[in-house]
Amino acid sequence: APKAEAQKVPVLATPATRMLAKQLGVNIDSVKGTGPMGRITDEDVRSAAQKPAAKPAEAPV
Amino acid sequence: MVVGDIEVGTDVLVVGAGPAGYTCAISAARQGLDVTLVNKSELGGVCLHKGCIPVKTLINVYRLAEDIKIASTMGLKAEGASVDRRKAYEWKDTVVGKLEAGIRELCRGSGVQMMEGSCSFLSSSRAVVSGPSGIQHVIFKRAVIAAGGRHKPLPGIPFDGSLVINPDEALDMPDEGTAILGGGYAAITIAALMASQNKKFTIIHKKEHILTFLDEEMLRPVMRRFQEKGVAVHAASSWTVKRMGDRVRVELDIEDKKETLEAKKLVPDNGMIANTDGLGLENTAVKTRKDGFIITGENYRTDDPSIYAIGDVCGMHGNASTAYREGESLADILAGKTGLPDTIVTPLTMSTDPEIASAGYTETKAREAGIDVIVGRFPFTANGKAVSIGKTTGFVKVVAEKSSHRILGMHAVGYEAFDILQEGVLAIEMGARLEDVVLTLHPHPTLCEAVREACADALGESTNIRENK
Amino acid sequence: MVVGDIEVGTDVLVVGAGPAGYTCAISAARQGLDVTLVNKSELGGVCLHKGCIPVKTLINVYRLAEDIKIASTMGLKAEGASVDRRKAYEWKDTVVGKLEAGIRELCRGSGVQMMEGSCSFLSSSRAVVSGPSGIQHVIFKRAVIAAGGRHKPLPGIPFDGSLVINPDEALDMPDEGTAILGGGYAAITIAALMASQNKKFTIIHKKEHILTFLDEEMLRPVMRRFQEKGVAVHAASSWTVKRMGDRVRVELDIEDKKETLEAKKLVPDNGMIANTDGLGLENTAVKTRKDGFIITGENYRTDDPSIYAIGDVCGMHGNASTAYREGESLADILAGKTGLPDTIVTPLTMSTDPEIASAGYTETKAREAGIDVIVGRFPFTANGKAVSIGKTTGFVKVVAEKSSHRILGMHAVGYEAFDILQEGVLAIEMGARLEDVVLTLHPHPTLCEAVREACADALGESTNIRENK
Ligand SMILES: Cc1cc2nc3c(=O)[nH]c(=O)nc-3n(C[C@H](O)[C@H](O)[C@H](O)COP(=O)(O)OP(=O)(O)OC[C@H]3O[C@@H](n4cnc5c(N)ncnc54)[C@H](O)[C@@H]3O)c2cc1C
Ligand SMILES: Cc1cc2nc3c(=O)[nH]c(=O)nc-3n(C[C@H](O)[C@H](O)[C@H](O)COP(=O)(O)OP(=O)(O)OC[C@H]3O[C@@H](n4cnc5c(N)ncnc54)[C@H](O)[C@@H]3O)c2cc1C
Chain A
1 APKAEAQKVP VLATPATRML AKQLGVNIDS VKGTGPMGRI TDEDVRSAAQ KPAAKPAEAP
61 V
Chain B
62 MVVGDIEVGT DVLVVGAGPA GYTCAISAAR QGLDVTLVNK SELGGVCLHK GCIPVKTLIN
122 VYRLAEDIKI ASTMGLKAEG ASVDRRKAYE WKDTVVGKLE AGIRELCRGS GVQMMEGSCS
182 FLSSSRAVVS GPSGIQHVIF KRAVIAAGGR HKPLPGIPFD GSLVINPDEA LDMPDEGTAI
242 LGGGYAAITI AALMASQNKK FTIIHKKEHI LTFLDEEMLR PVMRRFQEKG VAVHAASSWT
302 VKRMGDRVRV ELDIEDKKET LEAKKLVPDN GMIANTDGLG LENTAVKTRK DGFIITGENY
362 RTDDPSIYAI GDVCGMHGNA STAYREGESL ADILAGKTGL PDTIVTPLTM STDPEIASAG
422 YTETKAREAG IDVIVGRFPF TANGKAVSIG KTTGFVKVVA EKSSHRILGM HAVGYEAFDI
482 LQEGVLAIEM GARLEDVVLT LHPHPTLCEA VREACADALG ESTNIRENK
Chain C
531 MVVGDIEVGT DVLVVGAGPA GYTCAISAAR QGLDVTLVNK SELGGVCLHK GCIPVKTLIN
591 VYRLAEDIKI ASTMGLKAEG ASVDRRKAYE WKDTVVGKLE AGIRELCRGS GVQMMEGSCS
651 FLSSSRAVVS GPSGIQHVIF KRAVIAAGGR HKPLPGIPFD GSLVINPDEA LDMPDEGTAI
711 LGGGYAAITI AALMASQNKK FTIIHKKEHI LTFLDEEMLR PVMRRFQEKG VAVHAASSWT
771 VKRMGDRVRV ELDIEDKKET LEAKKLVPDN GMIANTDGLG LENTAVKTRK DGFIITGENY
831 RTDDPSIYAI GDVCGMHGNA STAYREGESL ADILAGKTGL PDTIVTPLTM STDPEIASAG
891 YTETKAREAG IDVIVGRFPF TANGKAVSIG KTTGFVKVVA EKSSHRILGM HAVGYEAFDI
951 LQEGVLAIEM GARLEDVVLT LHPHPTLCEA VREACADALG ESTNIRENK
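Chains A, B and C supply the protein sequences, listed in that same order.
For the first sequence, the residue numbers in our numbering are 1 to 61.
For the second sequence, the residue numbers in our numbering are 62 to 530.
For the third sequence, the residue numbers in our numbering are 531 to 999.
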């Protein structure tokens, strides 16, 4: 359910945080935000990146 | 096939120097890659030569002529304000030339190798370029297709440049008695340019209103303007088009009755096709969709591991800012970095009179998606700067999630709407709430105060309009 | 003292109907409070009658006349573009009248009681209003002083309306041979208006440059414009002013030598004083600073528990957007809510040619504060829309914290700088980083693309200018 919701109302993370997620290979839609109103912070992204579940981004050639 | 002697080797071959291609080439070269940019026509693509820039340049001149007439009530004296069409088009060419020289400088300065000619792939590592200086072979490690798109003719009615005109070529249309068929982006842009030149013409569109991706109210000021300018606008449920000697006959179904229209010229806006013909994609593993656009996956990759594609040739957004971004993003990827993240919104801008700019959810789309939204509006008639400069047509509209007050859409129709939208675009990307905009100072007197007041209206607390809707 | 029979009782008495006062009155009345608004002159204050709006309105007309001349290279034909001064000032009055009527409607519509006249406090719960319809007593529970400020004469040289002119009254100055003394906000605004009217005049300022709250480079396009217009600009370390019959003599110390200037009119910008004379503050516990401005603490409270003060009468920022905000904030407080939080920045705007707009840390201020910053710039010569419309003067400058990339200042000088600044203002308030703006799409072609490119330049990655500084 949160996934469908996330598609309707866009993820609550600033562009810079979304960039960080991309760099760390974190799927931002699956990160739980700890900021106000569920905002995803850089720290949330970093700790998600540490979890083994996080699939790294496709490595560029 | 006759091939020349010269064989060029390059790391990255970029095909097409529109916004997508040249941005990618420059940015990749700056990051130290060996880049060759091939382009078959002028540098800058549709955006610089047929679209964004020429339209803005020409409309600005004609708008000035109009402003002068209106400003006679403001104390401005100027006799016989009018536009010398030939000179205006020369000025347009000057502007384009200046910007093209700038792009050329940027390419040179960042070490991009430039080749003029039409490029065709021979394999996944080899292409041939046929240009004014002969035929050259290029051996590449990776290639970027940024060949753009063009307008598609109506089935069985090819563009002929005199009777049936491609919207891409419609900038130069001097004649009266034209019919524009379609209510999409290109149709309306061309219509706006023609209206600014006080031409008499007809717009025929399907569906309930033109530019259906916008809330209908956003169009009202533009439709009113068309009306004032004597442009005939017909909504039809369907039509058939026939060439009749030096005329085009359009038969319309309008509310169960038929009407027939004859036009001296027809500009059909029938959607886009990709510039993939002659590209030799059959010699690569690149796949296209049924409609001809190139299929890409993660990181702009095609099905050919050494070939990427960006911009209009992929048929996604069809605007220059997206093309720029994809160019930058792909350059990073080619240089071994991660690309740029997705944006939440792609702002859309229409060079109409007045301008329309729109980003994110419209009220209609939000309701269709089942999002519970609140909406705020603020008219430019109540904005001090707009009154000061006599540009009171239009309004700003904001759409926000009801529970969180998060801004999901910002829309503006009015003078300089493109530029005043940007605060809204940033607000959406930052996940700002209505309160964030309302609590941010807006200098006075500015048009962007209307953005703030629209947000305040959504919160039900604007002091600047009497009735909160 | 003769007093009338009528005695009015009110919950909230607001003194002064400038931006601060009328906003507070309307917003408080909308929240259900019983509000009486007293004003001694026209509704709307300095902003509407002498400042922001008239300046913008007049400059716009003169700018149009200039645009017409420039646009002859763009194919625009118009003979003898000029401005009919009398008509332009009539148009200004029309604009002001329209906006004043709007404010009046808003006041009425929200139930604000309006009284015309000069207000003086008799105690902390009683005031007297002397107006055209006689003298009235008002008994109030709470009062808001929003009486604004005005310019201060030079010591010993009072304004006389003919030889020595108050900057607040300088809008109507028809004469040549004026000297403007001072390099502050009002001086430069008046100078810009006079320059737009092609008057020959002189600016004399102290310190190293005018508008010293800005980085010097922001002024260069404006100074160049003054030069083109034949405005003489003198920097002096000190000066003395003497009236000499129908002339004013100004003796200047310029780099150790003396120079003497004679002017037919002098407009000295010697800072502001509060409009507290005649307010009867001595009958209340309200305290003022040595310079006459009212002292307020938390929640706009004066030292008198029943009296609040907002806007220019407190002498803080001296701009209309702050006055509006304080009005709204105080209305909330009076209605029992908390007021609005402080903003991080107060955007400053200068109606010069081209416009200057500035928010947050300048490079100089950031370095003075010991903040390690990075800076980015982008010139309008490289912006597609600016080139299209022939408005390539100026640039955008961004100041960001080096470690975090957080945007701390945004500054723009150029066409429509006020409106394109706003994205930067929101960026600062939202705590946005350079990346946030760079990764947000900016529609093309827009002036605000220059904001993005300035941010990209600070990050060292703009594809649109060759040299990153
Ligand atoms: C009338 C009109 C108005 C528009 N107004 C706007 C607007 O205001 N704002 C906006 O954002 N967008 C606007 N657009 C859309 C915008 O112009 C396009 O989205 C943009 O140009 C796409 O960029 P691109 O780089 O993908 O492709 P293009 O700009 O189409 O460039 C492709 C380039 O590739 C070259 N090429 C193609 N095939 C080959 C080959 N085989 N070999 C070598 N070179 C090749 C072409 O010659 C061309 O130079 C407008 C479009 C039109 C038609
Ligand atoms: C030339 C010039 C240009 C300017 N340009 C800009 C600009 O572009 N942008 C900007 O933001 N700001 C600008 N300003 C500043 C702006 O005008 C002021 O900051 C703003 O008007 C302050 O609002 P206020 O409500 O505090 O006071 P005011 O606007 O001064 O209003 C005070 C009101 O109180 C009334 N009053 C005073 N005493 C009494 C009394 N005893 N009884 C009854 N009524 C009384 C006055 O008549 C007046 O109507 C400019 C100022 C000048 C002079």
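In case anyone wonders, no lab produced these hints; they're calculated from the structure.
All values reported here derive from a predicted model rather than from experimental measurement.
Every residue, glycine too, gets a C-beta built ideally from N, C-alpha and C.
Check the hints yourself; a few may be wrong.
Straight-line Cα separation of at most 20 Å, PhoX-like style, residue types lysine-lysine; simulated pairs [to be verified]:
#1 C:K794 - B:K138
#2 B:K325 - B:K260
#3 C:K628 - C:K617
#4 C:K628 - B:K452
#5 B:K130 - B:K290
#6 B:K138 - B:K452
#7 B:K261 - A:K22
#8 C:K772 - B:K148
#9 B:K148 - C:K730
#10 C:K617 - C:K570
#11 B:K130 - C:K607
#12 B:K260 - C:K607
#13 B:K138 - C:K895
#14 B:K138 - C:K736
#15 C:K794 - C:K772
#16 B:K138 - B:K159
#17 B:K130 - B:K260
#18 B:K325 - B:K268
#19 C:K617 - C:K736
#20 B:K290 - B:K148
#21 C:K759 - C:K730
#22 B:K130 - C:K730
#23 A:K8 - B:K398
#24 C:K921 - B:K159
#25 C:K737 - C:K599
#26 A:K8 - B:K426
#27 C:K788 - B:K138
#28 A:K8 - A:K32
#29 B:K148 - B:K159
#30 C:K671 - C:K737
#31 C:K607 - C:K737
#32 C:K737 - B:K148
#33 C:K736 - B:K452
#34 B:K159 - B:K213
#35 C:K736 - B:K130
Covered stretches of chain C, as calculated for chain B (at least 3 residues, CB under 8 Å) [stated by the list, open to error]:
#36 608 to 616
#37 806 to 817
#38 895 to 906
#39 929 to 939
#40 945 to 957
Status of the hints after comparison with the structure:
1. C:K794 - B:K138: 29 Å, violated
2. B:K325 - B:K260: 13 Å, holds
3. C:K628 - C:K617: OK: K628 (chain C) and K617 (chain C) at ~16 Å, within 20 Å.
4. C:K628 - B:K452: 14 Å, holds
5. B:K130 - B:K290: With a Cα-Cα distance of about 14 Å, the restraint between K130 (chain B) and K290 (chain B) holds, given a limit of 20 Å.
6. B:K138 - B:K452: 19 Å, holds
7. B:K261 - A:K22: This hinted pair is violated, its Cα atoms lying about 52 Å apart.
8. C:K772 - B:K148: Roughly 55 Å between the alpha carbons, so the hint for K772 (chain C) and K148 (chain B) is violated.
9. B:K148 - C:K730: Violated: K148 (chain B) and K730 (chain C) sit about 34 Å apart, past 20 Å.
10. C:K617 - C:K570: Violated - the C-alpha atoms of K570 (chain C) and K617 (chain C) are around 27 Å apart, more than 20 Å.
11. B:K130 - C:K607: 12 Å, holds
12. B:K260 - C:K607: 18 Å, holds
13. B:K138 - C:K895: 45 Å, violated
14. B:K138 - C:K736: Roughly 38 Å between the alpha carbons, so the hint for K138 (chain B) and K736 (chain C) is violated.
15. C:K794 - C:K772: 12 Å, holds
16. B:K138 - B:K159: 32 Å, violated
17. B:K130 - B:K260: Distance ~17 Å between K130 (chain B) and K260 (chain B) Cα, so the pair holds.
18. B:K325 - B:K268: 24 Å, violated
19. C:K617 - C:K736: Violated - the C-alpha atoms of K736 (chain C) and K617 (chain C) are around 36 Å apart, more than 20 Å.
20. B:K290 - B:K148: Given that 20 Å is the threshold and the Cα spacing comes to 23 Å, the pair is violated.
21. C:K759 - C:K730: Distance of about 8 Å is within 20 Å: holds.
22. B:K130 - C:K730: Given that 20 Å is the threshold and the Cα spacing comes to 29 Å, the pair is violated.
23. A:K8 - B:K398: 29 Å, violated
24. C:K921 - B:K159: The hint holds at about 14 Å.
25. C:K737 - C:K599: 36 Å, violated
26. A:K8 - B:K426: 10 Å, holds
27. C:K788 - B:K138: Not OK: K788 (chain C) and K138 (chain B) at ~44 Å, beyond 20 Å, violated.
28. A:K8 - A:K32: Given that 20 Å is the threshold and the Cα spacing comes to 17 Å, the pair holds.
29. B:K148 - B:K159: 16 Å, holds
30. C:K671 - C:K737: Roughly 47 Å between the alpha carbons, so the hint for K671 (chain C) and K737 (chain C) is violated.
31. C:K607 - C:K737: 44 Å, violated
32. C:K737 - B:K148: With Cα atoms ~47 Å apart, K737 (chain C) and K148 (chain B) exceed 20 Å; violated.
33. C:K736 - B:K452: Not OK: K736 (chain C) and K452 (chain B) at ~39 Å, beyond 20 Å, violated.
34. B:K159 - B:K213: 30 Å, violated
35. C:K736 - B:K130: 43 Å, violated
36. 608 to 616: holds (count 9)
37. 806 to 817: violated (count 0)
38. 895 to 906: violated (count 0)
39. 929 to 939: violated (count 0)
40. 945 to 957: Three-residue rule met by the region 945 to 957 of chain C, so holds; n is 10.
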